[in-house]
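Chains as they are written, first to last, in this note's numbering: chain A, 1 to 421; chain B, 1 to 132.
These aren't lab readings, by the way, just hints derived from the structure by calculation. Note that CB positions come from ideal geometry on N, CA and C, so glycine has one too.
Okay, the calculated beta carbon distance ranges per label pair:
(1) 33/B to 45/A: 55 to 61 Å
(2) 47/B to 22/A: 45 to 51 Å
(3) 33/B to 202/A: 51 to 57 Å
(4) 72/B to 259/A: 57 to 63 Å
A few chain A residues facing chain B, derived, Cβ under 7 Å:
(5) 132
(6) 144
(7) 146
(8) 150
(9) 153
(10) 156
(11) 232
(12) 233
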Amino acid sequence: MSPKKLARGVALVGAGMSKFGSFKGKSSRDLFVEAYVEMLESVEKGIDPTMIEALYVGNYSSDLFEGQGHIAPIMASWTGLSPLPAVRVEDACASAGVALREGILAVASGMYDVVLVGGVEKMTDLATEKVTDTLATAADVQYELPAGFTFPGFYAAMATAYMNDFGATPETFMKVGIKNHFNGSMNEKAQFGAKISTLMEARRASAAKKGLPVPEWDDELEFLHDDRANPPIAWPMRLYDCSPISDGAAVVLLVSEDIAKKFSDTPIYVAGMGQASDGALHDRDTLTSIPAAKLAGEQAYKMAGITPAEIDFAEVHDCFTIAEIIATEDLGFFEQGKGWQAAEAGDTSRDGKKPINLSGGLKSKGHPVGASGVGQVVEVWKQLLGKAGDRQLQRKLKYGLTHNVGGTGQTCVVHIFERRG
Amino acid sequence: MEMPRHWRLKQQRYALVGEVCPHCDGKIFPPRDVCPYCGGEAKTAYTFSGKGEVFSYTVMRDAPRGFEETVPYVVALVKLQEGPVVTAQLTDLGEEPVEIGMPVEMVTRRIRQDGDERGILVYGYKFRPVMR
Ligand SMILES: [Zn+2]
Numbered sequence: 001m002s003p004k005k006l007a008r009g010v011a012l013v014g015a016g017m018s019k020f021g022s023f024k025g026k027s028s029r030d031l032f033v034e035a036y037v038e039m040l041e042s043v044e045k046g047i048d049p050t051m052i053e054a055l056y057v058g059n060y061s062s063d064l065f066e067g068q069g070h071i072a073p074i075m076a077s078w079t080g081l082s083p084l085p086a087v088r089v090e091d092a093c094a095s096a097g098v099a100l101r102e103g104i105l106a107v108a109s110g111m112y113d114v115v116l117v118g119g120v121e122k123m124t125d126l127a128t129e130k131v132t133d134t135l136a137t138a139a140d141v142q143y144e145l146p147a148g149f150t151f152p153g154f155y156a157a158m159a160t161a162y163m164n165d166f167g168a169t170p171e172t173f174m175k176v177g178i179k180n181h182f183n184g185s186m187n188e189k190a191q192f193g194a195k196i197s198t199l200m201e202a203r204r205a206s207a208a209k210k211g212l213p214v215p216e217w218d219d220e221l222e223f224l225h226d227d228r229a230n231p232p233i234a235w236p237m238r239l240y241d242c243s244p245i246s247d248g249a250a251v252v253l254l255v256s257e258d259i260a261k262k263f264s265d266t267p268i269y270v271a272g273m274g275q276a277s278d279g280a281l282h283d284r285d286t287l288t289s290i291p292a293a294k295l296a297g298e299q300a301y302k303m304a305g306i307t308p309a310e311i312d313f314a315e316v317h318d319c320f321t322i323a324e325i326i327a328t329e330d331l332g333f334f335e336q337g338k339g340w341q342a343a344e345a346g347d348t349s350r351d352g353k354k355p356i357n358l359s360g361g362l363k364s365k366g367h368p369v370g371a372s373g374v375g376q377v378v379e380v381w382k383q384l385l386g387k388a389g390d391r392q393l394q395r396k397l398k399y400g401l402t403h404n405v406g407g408t409g410q411t412c413v414v415h416i417f418e419r420r421g
Numbered sequence: 001m002e003m004p005r006h007w008r009l010k011q012q013r014y015a016l017v018g019e020v021c022p023h024c025d026g027k028i029f030p031p032r033d034v035c036p037y038c039g040g041e042a043k044t045a046y047t048f049s050g051k052g053e054v055f056s057y058t059v060m061r062d063a064p065r066g067f068e069e070t071v072p073y074v075v076a077l078v079k080l081q082e083g084p085v086v087t088a089q090l091t092d093l094g095e096e097p098v099e100i101g102m103p104v105e106m107v108t109r110r111i112r113q114d115g116d117e118r119g120i121l122v123y124g125y126k127f128r129p130v131m132r
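Could you put together the complete structure from these sequences and hints?
Next comes the structure, spelled out in structure tokens:
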């Protein structure tokens, strides 16, 4: 079969995101507007909003998180874009990545020349246990949840299998977290944009202030091994292996390739994309790979006509630390079973040969589930254009990849972006 | 979970009843009437032996609602002898450490108490180590 192609090229000419975090005073629409306004300002040669023809918005569960359904037209109305067609896309934590794909397909079809794609989630209004319940509905509620599993539990079972098969240890996962927090410490939009060492010192300072015994930790790893500082959630996943509960929004502006230079001298082109689905975790013959991610990646590479070695950096779906290691293997950056060694060797750090999650990833930046997929694209857009500030990667960048997963891999969507010249 | 759904899933839950495909002889769980192996229609009920081994597992420390009382507990993916993998809790573990590949067998146990107001007791399959 010949590689799939878009009927016409599509480019990114603007991107913006709200700060990710926990914001008592902001609902999903406020966050979306924050991201939208930043996007408008980011368009190099400006954009007249009346040119925007359609809106695709990723959102997992405003219904349960906020008691608000039907949010796409609300986002359109709050950004002054009514009466344009507004579509909500739901594929769990991959909602925004899939919304992006739908927007790209809509432009490629020739139907629209200018499309706004976003993602938004407001999670922190609910108590933690209700958030856990809401996220759990992205699993099979008939056959997985009755056993008492949660999402940390599913990924923990994947981690258990991975350690058993390939020899990684819980410390491998901790090192992924340390790396992502280090990256996130340079991201002003990150929810937990602090190094683990900084969080450790803060905890010591707080104990001292309260007149409590000040804990002694030699280094970040010792801190992360401490059950009180870093309680086990589902062995071997501890608190610092899990992405947080977050509020946030992200948007990008898509245009057809033929008009892209009207908006920017350096549009970022969609070079390849892929998407696949799968059954529940128990319906797969492997727990150490996410088959749908592998398929989505292969489709994207084929469409872009490149190999994994040509990707300069990637934002991958590190909802849990183990997920980042598996992602780097599924995407072909490292051989199956070797991703953990690459992570330990620093290959995925800023200075490594394949920097992963320069933004801090979902782990440090935050994981407003329905927004994360577009949040990843905002980072790739910034890095490719040299607009990433303190955390800008100082090398020539041509290809950036995003990898967005829904559930435990029931939905996976991959995009490859290209800077030409 | 709502009452009708408990009723609908009762047979699968209590006795591990799935399906067998008349075209490729594939054993199917959960039952879905379409064979995941060959795509053919598969509506013949099949009762699994309940014997299998631990495919992977985790120890839950932070439980979802309805499971708080039993923390810590072990949840697993169990590969049945007939092929399919099921998601279930392990029980009757005693002092025995759980390992991938450990032989287990199905038992019916109380799973959880559902909902504060209705207080439905939900029963279903769990797996315990095979007595040696
Ligand atoms: Zn069959």
